[in-house]
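J.: Generate coordinates for the entire structure from the input sequences, incorporating the hints supplied.
These protein sequence lines map, in sequence, to chains A and B.
First residue of the first sequence? That's 1 in this note's numbering, and the numbers climb one at a time after it.
First residue of the second sequence? That's 168 in this note's numbering, and the numbers climb one at a time after it.
These are calculated hints, taken from the structure and not from any lab test.
These numbers come from a predicted model, not from an experiment.
Cβ coordinates follow ideal geometry from the N, Cα and C atoms, glycine included.
Hints may be right or wrong, so weigh each one.
[Claimed, not checked] Just the calculated beta-carbon pair ranges, DEER-fashion: (1) A:Gly147 with B:Lys177: 35 to 43 Å; (2) B:Lys177 with A:Leu42: 42 to 50 Å; (3) B:Arg204 with A:Val51: 44 to 52 Å; (4) B:Thr215 with A:Leu42: 22 to 30 Å; (5) B:Arg214 with A:Thr45: 24 to 32 Å; (6) B:Thr215 with A:Pro73: 24 to 32 Å.
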Amino acid sequence: MSKRRSRREFLSAAAVLAAAATLPAGVRAQATKDLRGTEQDLRGTEQDMRVAINHFTGSRPLAKGKVNLEVPPLVDNGNTVAISVTVESPMTEADHVRSIRIFSERNPEPIIMGFRLGPRAGRASVATRVRLADTQTLVAVAEMSDGTYWFGSAPTVVTIASCLEEI
Amino acid sequence: MSNALVTVPKTAKKGEIIEIRTLVSHNMETGYRRTERGVPIPRDIVRTFSCTYNGVEIFSAELRPAISANPYISFYTVATETGMIAFHWKGDNGFSVSSSAHITVT
Chain A
1 MSKRRSRREF LSAAAVLAAA ATLPAGVRAQ ATKDLRGTEQ DLRGTEQDMR
51 VAINHFTGSR PLAKGKVNLE VPPLVDNGNT VAISVTVESP MTEADHVRSI
101 RIFSERNPEP IIMGFRLGPR AGRASVATRV RLADTQTLVA VAEMSDGTYW
151 FGSAPTVVTI ASCLEEI
Chain B
168 MSNALVTVPK TAKKGEIIEI RTLVSHNMET GYRRTERGVP IPRDIVRTFS
218 CTYNGVEIFS AELRPAISAN PYISFYTVAT ETGMIAFHWK GDNGFSVSSS
268 AHITVT
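T.: Have a look at this one:
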């Protein structure tokens, strides 16, 4: 869908380029960077997501399991996607989920959302509605009270993307 | 201006795990969109959400531009005592909304 650029987009891009040609180098670099906003380049990569996850875990080992991330397998409209994360945990003072973070590999920002919870939650389960910029796999990482990190992932196919449209 | 909608059970048994659902009206402008003239639209989002139970924080969330307009968040908590469950949303451009609900625990 990003390949199909509208005439309007093309014209506004051409206008920015023409203007940029007459500007000093520093300003031109900024203009070129801004121009990417209308294009696919704005989307993140799997690498961006890895970096964000490592930052969250402090590069500590990440084990698969305990975290169940539910995302609809097929999404018509990426602007509103209902997702939920449930972590297997007794949620006691001694053994509970401290925080949960949800990551995206294709949105402009790799972090979708973060939650802080504790033993008073009773049940480590949260739900929200998110925007998805593209077909991708989402990852949810849970930080446990014993300092271990667990993750679960879910793939989804998005037919109408969010975030990058014009008004 | 801004409205919040929260669903909390009116009554619960002590120790019962209850579900709390929240919704706040907000556009959640991502900062990644542009007008048709290519002018970037500045980011304007709800940044944080927190929930306190009789003054003690029991849950919080950090919101990013990836959260849909009119952020919906649901979570659980243990009904410990009768009192107030309060909700606070804070965001860009001084956005601040609070709401609360009373719960009777038997």
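J.: For this structure, which hints from the list above don't hold up?
T.: The structure breaks only hint 3.
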